[in-house]
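Participant: Under the numbering used here, the very last position in the sequence shown is 109; numbers go up by exactly one each time.
One should not assume that every hint holds.
In silico SDA-like pairs for lysine to any residue, Cα to Cα no more than 25 Å straight-line [said to hold, decoys possible]:
(1) Lys101 / Pro73
(2) Lys48 / Ile71
(3) Lys53 / Asp74
Since the hints were made in silico from the structure, they are not lab data. Because the structure is a prediction, the values reported are computed rather than measured.
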Amino acid sequence: MRSLAALALMLLALVGGAGCGTGGIEPEGGDTARGKEIFTKGADGKQACSSCHKLADAGAAGTIGPDLDASFGPGREEGFSESTIREIVRQQVKYPIDADAS
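Given the sequences, and given the hints that come with them, work out the whole structure.
Facilitator: Okay, here's the thing in structure tokens:
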């Protein structure tokens with residue numbers, strides 16, 4: 008139980024420090040053009056990710072959230088698998104933090 012709590016705490020620290028960047032992970036299918044549109048313009052009344060995050064490929068220069076071009080390097084160095092990083096990214100995209108509400 009203690010190791011599970013330690014893992015959860017470590018993942019929380021990784022997510023908090025790295026935001027929702029992919030760290031250069033190549034996409035697996037999906038509509039990357041639509042993803043870029045959502046990242047830069049928002050969707051369903053939600054603010055755009057680019058309003059907070061920097062991501063060169065999307066032309067985003069936000070300064071509130073983590074720089075997504077540099078995200079997940081430390082996690083990879085610590086041995087987190089690509090599948091773990093992908094799941095963290097999915098969860099961050101699914102449940103983003105609203106900068107206006109903070």
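Participant: Hints first: check each against the structure and report whether it holds.
Facilitator: Okay, the hints, checked on the actual structure:
no. : hint           : in the structure
1   : Lys101 / Pro73 : holds (17 Å)
2   : Lys48 / Ile71  : holds (17 Å)
3   : Lys53 / Asp74  : holds (20 Å)
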